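**Q** Taking the hints into account, I'd like the entire structure generated from these sequences.
Number of protein chains: 2
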Amino acid sequence: MGRTLVYPKAAYNTAHRHNECATYDLREIHTIINTTKILHVSFNSTDPAAGPYPAILPMIGQMGSFTHPSADLNEPLECYIHGYVSMRMASLARINDGLPVTIAASKVDGLVLSLTPYSHNYIYRSAVLFGHAQVVTDAEEKLFAMQLITDSVMSGRWEGSRTPPNGAELGATAILRVKIAGGSGKISEAGADDKKEDLESEQVTSRVWSGIAPVWEVIGQPIPAKTNAVKILPEYMDKFVQGENEISEKHATELAKAR
Amino acid sequence: MGRTLVYPKAAYNTAHRHNECATYDLREIHTIINTTKILHVSFNSTDPAAGPYPAILPMIGQMGSFTHPSADLNEPLECYIHGYVSMRMASLARINDGLPVTIAASKVDGLVLSLTPYSHNYIYRSAVLFGHAQVVTDAEEKLFAMQLITDSVMSGRWEGSRTPPNGAELGATAILRVKIAGGSGKISEAGADDKKEDLESEQVTSRVWSGIAPVWEVIGQPIPAKTNAVKILPEYMDKFVQGENEISEKHATELAKAR
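As they're listed, the protein sequences go chains Y and D.
Take the first sequence: its letters are residues 14 to 272, numbered as in this note's numbering.
Take the second sequence: its letters are residues 14 to 272, numbered as in this note's numbering.
These are computed hints drawn from the structure, not numbers from a lab.
Nothing here was measured: the structure is a model prediction, and the numbers come from that model.
There could be a bad hint or two in this list.
SDA-like mimics (lysine to any residue), calculated; alpha carbons at most 20 Å apart, straight line [unchecked claim]:
(1) D:LYS270 / Y:VAL254
(2) Y:LYS263 / D:GLN234
(3) D:LYS22 / Y:ALA62
(4) D:LYS50 / Y:MET72
(5) D:LYS209 / Y:THR240
(6) D:LYS244 / Y:LEU212
(7) D:LYS244 / Y:GLU215
(8) D:LYS209 / Y:PRO237
(9) D:LYS22 / Y:THR59
(10) Y:LYS252 / D:ARG220
(11) Y:LYS208 / D:ASN57
(12) Y:LYS192 / Y:PHE157
(13) Y:LYS22 / D:LYS239
(14) D:LYS209 / Y:THR176
(15) D:LYS209 / Y:ASN241
(16) Y:LYS192 / Y:VAL98
(17) Y:LYS209 / D:THR176
(18) Y:LYS208 / D:GLY184
(19) Y:LYS22 / D:GLN234
(20) Y:LYS209 / D:GLY184
(21) Y:LYS208 / D:ALA181
(22) Y:LYS22 / D:TYR97
(23) D:LYS209 / Y:THR186
(24) Y:LYS209 / D:GLY180
(25) D:LYS50 / Y:THR266
(26) Y:LYS270 / D:PRO237
(27) Y:LYS244 / D:THR176
(28) D:LYS239 / Y:LEU212
(29) D:LYS50 / Y:ASN134
(30) Y:LYS50 / D:ILE200
(31) Y:LYS209 / D:GLU215
(32) Y:LYS192 / D:GLY64
(33) D:LYS192 / Y:GLY64
(34) Y:LYS252 / Y:VAL166
(35) Y:LYS239 / D:GLU215
(36) Y:LYS208 / D:THR176
(37) D:LYS192 / Y:PHE157
**A** Encoded structure:
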């Protein structure tokens, strides 16, 4: 449907190998970020005691645009992330253009079980975004990001829970807005590329099973809290759980069958 | 059973908040690393064109000890990682003590659906290791690591596929050994900690379903490649798939029920 936007190639986001799997397409990259439950956010501390190691924090995030809320996934968007923001991280995010961060998301779709360990692999999707993180201070923008993130945990949950958050809740929630400078992704669909010698060796093929085991994430039947008073699971929840499970299973199984 | 080793606390690995979830226990941290299919490995490039952003690569990894192969998961181990190692990364890993890296693994075990978005959360496990990566050059050590990693994809797969790798395969496989300096983990089992006001508001509790949806990863029935000649799925594969699925479902479901 019309134009496809891509992230510009730069030294930090250009794939050097497996170029056939690389993608710079905004929609593909943003989709991987949005459908991954935990993102890893990496940054450098300025504290010498932190040593030479980048920090990595697990966070929840979603792509969105506060100024253009109806923007499509193939448009330039910002990444709103939520999680434990340390004092150190927050103060770094207040300096100049914000804290330079790298955001990574990876999903396994299958185990590629080929004839030799050398050709074993995963079918996987991964995305990396590079940008500058700033603390969201505007109450309206924070509300926008909280709804975006809550509905990514379970679509319809914002409406389905006690909203809006009160002042204390808003105040205690830390959201970072990452202005994206670039990004890249890898969508590995490479199948079992066994070598001719192995495929032609009856000793090998008669003994070694080869193929693909699909892998996907399942959401189980929600289990009520002891304090829950709603006897029947709301329809939007049932629909979300069933819908997600169907999509995930179908995606992984079709990829595995395509080889 | 006896001693429990912990990683020493340092500026880079000490949790400042949610201390009740933090762990420094070697067995717990190593188990999260070993059971996570894709690890994120972060490091800093010395190339100015890379900008201020740490690099993050998706890689496969396992804890192990080449000099003490029978070492237990609660003992000091090295992390062997496999994946795309760029020329840049490999040359950095040859300097001095190796390339400083941070390795992260996170797993979602459940969606915590509480009365308010503010209390929404995941049940999750995450681990971070800090260390120095060096390229494995010794052929015996490389074989050791390849077997460790192949059997982590599917237990028994090394025996079940065409092994040992030939010289060309060994030569073309890049393995990094990360000498671990420290690490930490978070095992978040915090349930829906709704506030008194919400729990006592009939308007809220009569409308908002609260509880936990367990989440786990499923391995589907392996799908044979077009070239596969082994008619019946080998027993070790069937056992692995069933065993992993049972453990994963049980773990997530029990955590969700415990609230």
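**Q** If a hint holds in the structure, say so; if it does not, say that too.
**A** Now for the hints, and whether the structure bears them out:
Between LYS270 of chain D and VAL254 of chain Y, the direct Cα distance comes to roughly 18 Å. Compliance with the 20 Å bound is thereby established for this hinted pair. Simply put, LYS263 of chain Y and GLN234 of chain D have alpha-carbon atoms about 13 Å apart, close enough for the 20 Å limit, and the pair holds. Using a Cα cut-off of 20 Å, the hinted pair LYS22 of chain D and ALA62 of chain Y holds, with the two alpha carbons roughly 12 Å apart. About 18 Å separates the Cα atoms of LYS50 of chain D and MET72 of chain Y, which keeps this hinted pair within 20 Å; it holds.
Straight-line distance between C-alpha atoms of LYS209 of chain D and THR240 of chain Y comes to about 11 Å, which keeps the hinted pair within the 20 Å bound. Distance restraint check for LYS244 of chain D and LEU212 of chain Y: the Cα-Cα separation of roughly 16 Å lies within the 20 Å cut-off, and the hinted pair is therefore satisfied. Of the pairs offered as hints, the one joining LYS244 of chain D and GLU215 of chain Y holds, with about 14 Å between alpha carbons and a cut-off of 20 Å not exceeded. Of the supplied pair hints, the one linking LYS209 of chain D and PRO237 of chain Y holds, its CA atoms being roughly 18 Å apart against a limit of 20 Å.
Restraint check: the Cα-Cα separation between LYS22 of chain D and THR59 of chain Y comes to about 19 Å, which is no more than 20 Å; the hinted pair holds. Proximity of LYS252 of chain Y to ARG220 of chain D is assessed by CA-CA distance (about 17 Å); at most 20 Å being required, the pair is judged to hold. Proposed proximity of LYS208 of chain Y and ASN57 of chain D is contradicted: the alpha carbons are some 36 Å apart, above 20 Å. For the suggested pair LYS192 of chain Y and PHE157 of chain Y, the alpha carbons sit about 16 Å apart, so the restraint of at most 20 Å is met.
Proposed proximity of LYS22 of chain Y and LYS239 of chain D is contradicted: the alpha carbons are some 37 Å apart, above 20 Å. At roughly 16 Å between alpha-carbon atoms, LYS209 of chain D and THR176 of chain Y fall within 20 Å of each other, so this suggested pair holds. A threshold of 20 Å between alpha carbons decides the hint, and for LYS209 of chain D with ASN241 of chain Y the separation of about 13 Å falls inside it, so the pair holds. For a cut-off of 20 Å, the pair hint linking LYS192 of chain Y to VAL98 of chain Y stands: about 17 Å separates their Cα positions.
Distance hint between LYS209 of chain Y and THR176 of chain D is fulfilled; the C-alpha atoms sit about 16 Å from each other, no more than 20 Å. With a C-alpha separation of about 16 Å, the suggested pairing of LYS208 of chain Y with GLY184 of chain D holds against the 20 Å cut-off. Proposed proximity of LYS22 of chain Y and GLN234 of chain D is contradicted: the alpha carbons are some 39 Å apart, above 20 Å. At roughly 19 Å between alpha-carbon atoms, LYS209 of chain Y and GLY184 of chain D fall within 20 Å of each other, so this suggested pair holds.
With a C-alpha separation of about 12 Å, the suggested pairing of LYS208 of chain Y with ALA181 of chain D holds against the 20 Å cut-off. A C-alpha spacing of about 19 Å is found between LYS22 of chain Y and TYR97 of chain D, which places the hinted pair at or below 20 Å, so the restraint holds. Proposed proximity of LYS209 of chain D and THR186 of chain Y is supported: the alpha carbons are some 19 Å apart, at most 20 Å. Proximity of LYS209 of chain Y to GLY180 of chain D is assessed by CA-CA distance (about 16 Å); at most 20 Å being required, the pair is judged to hold.
Note on LYS50 of chain D and THR266 of chain Y: the hinted pairing holds, with a Cα-Cα distance of about 18 Å set against a maximum of 20 Å. Taking the CA atoms of LYS270 of chain Y and PRO237 of chain D, the gap is near 8 Å; set against the 20 Å cutoff, the hint holds. With a C-alpha separation of about 56 Å, the suggested pairing of LYS244 of chain Y with THR176 of chain D is violated against the 20 Å cut-off. Proximity of LYS239 of chain D to LEU212 of chain Y is assessed by CA-CA distance (about 11 Å); at most 20 Å being required, the pair is judged to hold.
A C-alpha spacing of about 11 Å is found between LYS50 of chain D and ASN134 of chain Y, which places the hinted pair at or below 20 Å, so the restraint holds. Between LYS50 of chain Y and ILE200 of chain D the CA atoms are separated by roughly 16 Å; this keeps the pair inside 20 Å, and the hint holds. Taking the CA atoms of LYS209 of chain Y and GLU215 of chain D, the gap is near 69 Å; set against the 20 Å cutoff, the hint is violated. Between LYS192 of chain Y and GLY64 of chain D the CA atoms are separated by roughly 15 Å; this keeps the pair inside 20 Å, and the hint holds.
Proximity of LYS192 of chain D to GLY64 of chain Y is assessed by CA-CA distance (about 15 Å); at most 20 Å being required, the pair is judged to hold. A C-alpha spacing of about 14 Å is found between LYS252 of chain Y and VAL166 of chain Y, which places the hinted pair at or below 20 Å, so the restraint holds. For the hint pairing LYS239 of chain Y with GLU215 of chain D, the CA-to-CA distance comes to about 15 Å; that is within 20 Å, so the pair holds. Pair hint LYS208 of chain Y plus THR176 of chain D holds up; C-alpha atoms about 14 Å apart against a cutoff of 20 Å.
With a C-alpha separation of about 43 Å, the suggested pair LYS192 of chain D and PHE157 of chain Y falls outside the 20 Å cut-off, and the hint is violated.
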